[in-house]
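Chains as they are written, first to last, in the working numbering: chain A, -17 to 70; chain B, 951 to 1183.
Rather than coming from a laboratory, the hints here were simulated on the basis of the structure.
Some clues are possibly wrong.
Not everything, but these chain B residues come out facing chain A in the computed CB check (under 10 Å) [said to hold, decoys possible]:
1) V987
2) D988
3) L991
4) T992
5) L1095
6) A1171
7) R1174
8) T1177
Non-contacting residues of chain A with respect to chain B, defined by C-beta distances greater than 10 Å in every case (computed) [to be verified]:
9) L(-12)
10) E(-1)
11) R11
12) S23
13) C40
14) V62
Since we're looking at a predicted model, the values are computed, not measured.
We put the CB at the ideal spot given by N, CA and C, even for glycine.
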Amino acid sequence: MTTEHLDGNALAGPLAEIFSVDVTAATGRCASCGLSGPVASLRVYGPAPGFVARCPGCDEVVLRLVRGPDAAWLDLRGAVSLRVALPE
Amino acid sequence: MRWRTATLTGVREETPSARTLVFDVPDWPGHLAGQHVDVRLTADDGYTAQRSYSLAAATAFELTVERVPDGEVSPYLTEVIEPGDRVEIRGPVGGWFVWRPENKSPVLLVGGGSGIVPLMAMIRARRQAGSRAPFRLLYSLRDPLRRYYADELRQPDPGLDVAYLYTRAAPEGWARPPGRILLDDLAEGGWPADFEPDCYVCGPTGFVEAAADLLLALGHAPGRIRTERFGPT
C-alpha cells in the first residue's frame, strides 16, 4: 500500500452516528490472520467513497463503512468479533 | 450523535500558519484529553466538507488548525472565519487515544508537527487535575517558527520535561543537529521501557510509523503505544 492512510481513530465520528458506545476503543479480531487490537489501530483509507479499514498485521480488509444520503452501510465480515468494554 | 452549532468567540495566533480557535458550544458535555471532533462546513450551494480536529484544551472547546495549502477546510478556519461565525461540529469522539487524570503511570508524548495538539490537551489536563504523573514530551518540528504553544511550554511545569527535535533548522548553538526522530532521541528523551510508560504518538503517518517502530525497538510493549495519524486537512 503506497496510498497515505490514517488510522481507526478517524472512524470515531462516523461510527458514533450508528453506535452509542465508542467502537474505536473496542478490541477487534481480524478474520484473516487472527490479530487482536483496538479498532483505532486499523489502517484506514478514505473517506470517499467510503472508509476501508485494514488489519495492521496482514493488510486484509476488516471493516468497511459507507455513508449514503439516508443510510449507513457497515461491512464487518473481516472481523471475527468486537470486544466492547462496558461498566459493571 | 448529532451535529451541533459552534460559534467562534476568539482567535490566538500560534505560528505564521496556525491558529487556535476558541468556540462557544452550548451544553458542551466536556471531553477527555486526546479526543477529537469532526467539523463540517457547508457552502451556500449546499456542498459540504468535513475534517477531524483534536481538542486542544482541557475543558474549553479549542481547536488549533494548521493551514494546509489547497486544503478544503483549513484555509477557511485559518484565514476567513471571524468571531461570531458558526460551524457545525460532532463530538467529542474517540476513546482510544486519550489520557485520563486518574492514570498514575509515567507518560511519554511524541508529537510531530500539528500532532502536538492532542498531546497539549493531555499536558493541560494533567496540570488542571494537579496530577503528579511524570510526563515527557518530545516535540518534532521543522524549525523554531513552527512551535505551537511556545510561551506556555516555556513556563515551568513540575513533572513535565519538554525536548524539541528540529528536523530542518534548529536555533543557533542547538546541540542536536536538525534531522528526523532517531532511536537516540527516544532513548534519551523518553522513559526506559521497564518503567512501563504509556506512550502517545501523534503526527503525520510517516512520522507516527517511524516513532512507533523505534519505541518497539526500545522494548516498549505494543499495548502501551497508542498512535494517532494525521492526514491532510
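Each hint, compared with the structure:
Taking 10 Å as the C-beta contact cut-off toward chain A, the hint placing V987 (chain B) at the interface holds, the least distance being around 8 Å. Contact between D988 (chain B) and chain A, as hinted, is supported at the beta carbon level, the nearest pair being about 4 Å apart and thus within 10 Å. Because the smallest distance between the Cβ of L991 (chain B) and any Cβ of chain A comes to about 15 Å, over 10 Å, the interface hint for this residue is violated. Among the interface hints, the one on T992 (chain B) is violated; its C-beta lies about 15 Å from the nearest C-beta in chain A, farther than the 10 Å criterion.
Taking 10 Å as the C-beta contact cut-off toward chain A, the hint placing L1095 (chain B) at the interface is violated, the least distance being around 25 Å. Residue-level restraint check for A1171 (chain B) is violated (minimum Cβ-Cβ distance to chain A is 13 Å; threshold 10 Å). Nearest Cβ of chain A to the Cβ of R1174 (chain B): about 12 Å, over the 10 Å cut. The hint is violated. A distance limit of 10 Å between C-beta atoms decides the matter here; for T1177 (chain B) the minimum to chain A is near 6 Å, and the interface restraint holds.
Non-interface call for L(-12) (chain A) relative to chain B: violated, since the shortest CB-CB distance, roughly 5 Å, does not exceed 10 Å. With 10 Å as the threshold on Cβ separation, the claim that E(-1) (chain A) sits away from chain B is violated: the shortest Cβ distance comes to roughly 6 Å. With a cut of 10 Å on Cβ distances, R11 (chain A) stays outside the contact zone with chain B, its closest approach being about 15 Å. Under the 10 Å C-beta cut-off, the non-interface status given to S23 (chain A) relative to chain B is violated; the minimum distance is some 7 Å.
Interface exclusion of C40 (chain A) from chain B stands, the closest Cβ pair being 16 Å apart, more than 10 Å. At roughly 19 Å, the least C-beta separation between V62 (chain A) and chain B is larger than 10 Å, which holds for a residue marked as non-interface.
Of the numbered hints listed earlier, those contradicted by the structure are 3, 4, 5, 6, 7, 9, 10 and 12.
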